[in-house]
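S.K.: Protein chains in written order, with my numbering: chain P, 1 to 564; chain C, 1001 to 1181.
Because the hints were derived from the structure by calculation, they are not lab data.
Misleading hints may appear alongside valid ones.
Capping the alpha-carbon separation at 30 angstroms, the derived lysine-lysine pairs in DSS-like fashion look like this [what the hints assert, rightly or not]: (1) C:1069 x P:196; (2) P:310 x C:1069; (3) P:482 x P:504; (4) P:195 x P:310; (5) C:1069 x P:66; (6) P:496 x P:370; (7) P:370 x P:504; (8) P:195 x P:230; (9) C:1069 x P:195; (10) P:511 x P:370; (11) P:205 x P:401; (12) P:401 x P:66; (13) P:2 x C:1015; (14) P:109 x C:1015; (15) P:142 x C:1015; (16) C:1015 x P:297; (17) P:313 x P:196; (18) C:1069 x P:142; (19) P:482 x P:523; (20) C:1139 x P:14; (21) C:1015 x P:313.
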Amino acid sequence: MKLTGSQIVLECLKAEGVDVMFGLPGGAILPFYQTLPEYPEIRHILVRHEQGAAMAADGYARSTGKVGVCIATSGPGATNLVTGIMTAHMDSVPIVAITGQVPRAMIGKDAFQESDVTGITLPITKHNYLVMDTRELPMVIKKAFHIARTGRPGPVLVDIPKDVQQEEVEFEGYPEEADLRTYSPVAEVDPAEVKKAARMIDQAKRPIIIAGRGVNISRAHGLLQELAEKAQIPVITTLLGIGSFPGRHLLSVGMPGMHGVAWATLAIDEADLLIGIGMRFDDRVTGDPNLFAHRAKKIHIDIDETEISKNVKVDLALVSDVNKVLGALNPLVKHNTHPEWVECIDRWRREHPSLAFRETEDLLPQFILKHLNEETQGDAIVVTGVGQHQMWAAQHFCFEKPNRFITSGGSGTMGYEVPASMGAQVGNPDTTVWAICGDGGFQMTMPEVLTMVENNIPVKLVIMNNGTHGMVRQWQELFYNKSYVATLFQTPDFVKLAEAFGCKGLRITEKDQVVPAFHQAMKHDGPVILDFVVRAVENVYPFIPPGGSRASMEEDPNVSVAMG
Amino acid sequence: MAVPRQILVALVEDKPGVLNRVAGLFRRRGFNIASLAVGHSETPNMSRMTIVVEGDEGVRQQAARQLRKLIGVMEVRDITDDAIVARELTLIKVKALPDNRSDIISIVEIFRGDIVDVEPDSMVIQATGDENKIEALHKMLKPFGVLEIMRTGQVAMVRGSAESTKNLSQVRPKFKDIGGV
């Protein structure tokens, strides 16, 4: 059967089970777009800016576990995807980006809207392809999805010249298997190493687990809980590991690192065995890597061999999928208890006010998030931007299930929350999706609210309106002598803006309006913007300055333990 | 103290972009490449690279692992500590006038090099050997006036029929994909 390149790509996407794509057309991708009406089973959502397409695909992928798909034209269309692709790459999110390219004969001639997109995205994709032979399209699409979702997931970009999209070639169906002889996504577990790990765990007096995004990706939360309960090991969850262990579990410790709870920092510092599972010893977790868990032997479980001893030197590495490792490890670990150690962490919890905040007349973001957590009971999907509100959300939300807390960790991409929440809502139409937005980040990507309105994607957007880039301002206050350069700004009237977009908007200035506003938002059938006018100057605590350690941890000077 | 050097040998797919991926990886991870030589291997459509990397033990481990992770790279061996044969080829254009030509020729003979071009006022010398020999030849020719030096960078191979002790792809074999997320 002879088909055009565009038809072939769409046949392959259909065979791959793609039900939605986020994109924006342009000259070099037009043959693909003009073929879309032949494939009504694939929904296309027209975004307002291509970065929205990449981040929506990312939010869709993180919340569903499926590969997200985004489409852009050549040149500026493709480069607008870049921040979204980088965001997905840093947090191991499976997305496939399809970009139009100028016709083959014009490549390298600086043609109109030409850019070397495979070159530009080389360091921020897991892999990428420029398709110069139309007959290779089916295999390239197969490989792209296979690479994106297997092993340590990540973004894959496929750049397709316009004339490849138009050319008719014989299509023999979507390949069954990706022909990839130089790709080995998952290693087998080494039984001898697993045995050693089990012995280290059995002998530990003060063991601690740090679970990261790898556990969420592999949906290995059941096995993690089994290990923690069997050997009675307290579990710390990183920013991207939130939900990988039940937040209300007796062994749940909370978030570590720069804005982590004090008892997590102390537990890491005092532990004699640290088991990192699907996490990568990011500097925001470790602070000074030489002082991080300096009393502990370290076991690192990760699917990616390059993460072993990259940031923190470890004593034992188990390189494979976490399901395979824990599947082999859990039966070998002895039933054990560490009552003194668990009580010790609980005592630190009682002694430190990390999650406390003071009573104020005006609205504090922590107050709002604490109440939203109580209202949503861990059942909603919560997507955040980057900055103070993100850290407060990570501290105050509690999840019993994996992949409900969606946030840009590694890349810290402001504005992520608006398109990513849109993607999460599209992938989870029956779940309430809350976007926790900073007023700075929201202004970066707010046109996508219009995409939500147009497609009736009912995200509930909470804006923390403080008129500043809060986290940067906090650093200026603490490290730059309160010199607030370029962090204070004018915010628009978000309620009027909501109305202009054709969605519901509410402004909340009083504490007693907070919960009713949540109820109103949930009752409303479409997207809602809740503009919370919050105190402008408020800092996130605990705080360990970059490169610091337990010794440099600061708690909120305004609160005491009694308030907690 | 001299920066330690590691010799990595990689078998890679002979496809556009693979060299770019390797070079890009070393650049963005901040690994210094002392030399990189690449050419066809005994396997059709596969090329073999010899990469000499400068850096400590951490760099050595990271460079090999990061390289191995690249799609397009079939196999990586760290042969630094093996019994190896390592050679490079150099072309040296040196000033040579009738009165000192024979001096140059005798030096070239000691190094078992070849004169591959002679002009009235210059000669091109070709020599192969390990790094020390090439450096020594350059040193000996310097007083005559070296006009241009070309070096291929090292190519290296383990001696004998034994496989390298650090064939990383044997430590952790390439497994067929065993399923998704």
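S.K.: So if I understand the rule, the pair passes when the alpha-carbon distance is 30 angstroms or less; does residue 1069 of chain C with residue 66 of chain P pass?
M.R.: holds (23 angstroms)
S.K.: Are the Cα atoms of residue 1015 of chain C and residue 297 of chain P separated by 30 angstroms or less?
M.R.: Not OK: residue 1015 of chain C and residue 297 of chain P at ~43 angstroms, beyond 30 angstroms, violated.
S.K.: Does the alpha-carbon distance linking residue 496 of chain P and residue 370 of chain P stay inside the 30 angstroms limit?
M.R.: holds (27 angstroms)
S.K.: Check whether the Cα positions of residue 195 of chain P and residue 230 of chain P lie no farther apart than 30 angstroms.
M.R.: holds (16 angstroms)
S.K.: Mind checking the alpha carbons of residue 401 of chain P and residue 66 of chain P for me, to see if they're no more than 30 angstroms apart?
M.R.: Roughly 17 angstroms separates the two Cα atoms, so the pair holds.
S.K.: For the pair we were handed, residue 195 of chain P and residue 310 of chain P, check the Cα-Cα distance against 30 angstroms.
M.R.: holds (24 angstroms)
S.K.: Under the criterion that the straight-line Cα-Cα distance not exceed 30 angstroms, is the pair residue 370 of chain P, residue 504 of chain P satisfied?
M.R.: holds (23 angstroms)
S.K.: Taken at face value, is the distance from the CA of residue 401 of chain P to the CA of residue 205 of chain P at most 30 angstroms?
M.R.: Satisfied, since the Cα-Cα distance of roughly 29 angstroms is no more than 30 angstroms.
S.K.: Take a quick look at whether residue 310 of chain P and residue 1069 of chain C sit within 30 angstroms of each other, Cα to Cα.
M.R.: Holds, because 14 angstroms separates the two Cα atoms, which is no more than 30 angstroms.
S.K.: Taking 30 angstroms as the top limit, are the C-alpha atoms of residue 1069 of chain C and residue 195 of chain P close enough?
M.R.: holds (26 angstroms)
S.K.: Are the Cα atoms of residue 142 of chain P and residue 1015 of chain C separated by 30 angstroms or less?
M.R.: Given that 30 angstroms is the threshold and the Cα spacing comes to 18 angstroms, the pair holds.
S.K.: Next pair to validate is residue 313 of chain P with residue 196 of chain P; report whether the Cα-Cα distance is within 30 angstroms.
M.R.: holds (17 angstroms)
In summary, the numbered hints that this structure violates are 3, 16, 19, 20 and 21.
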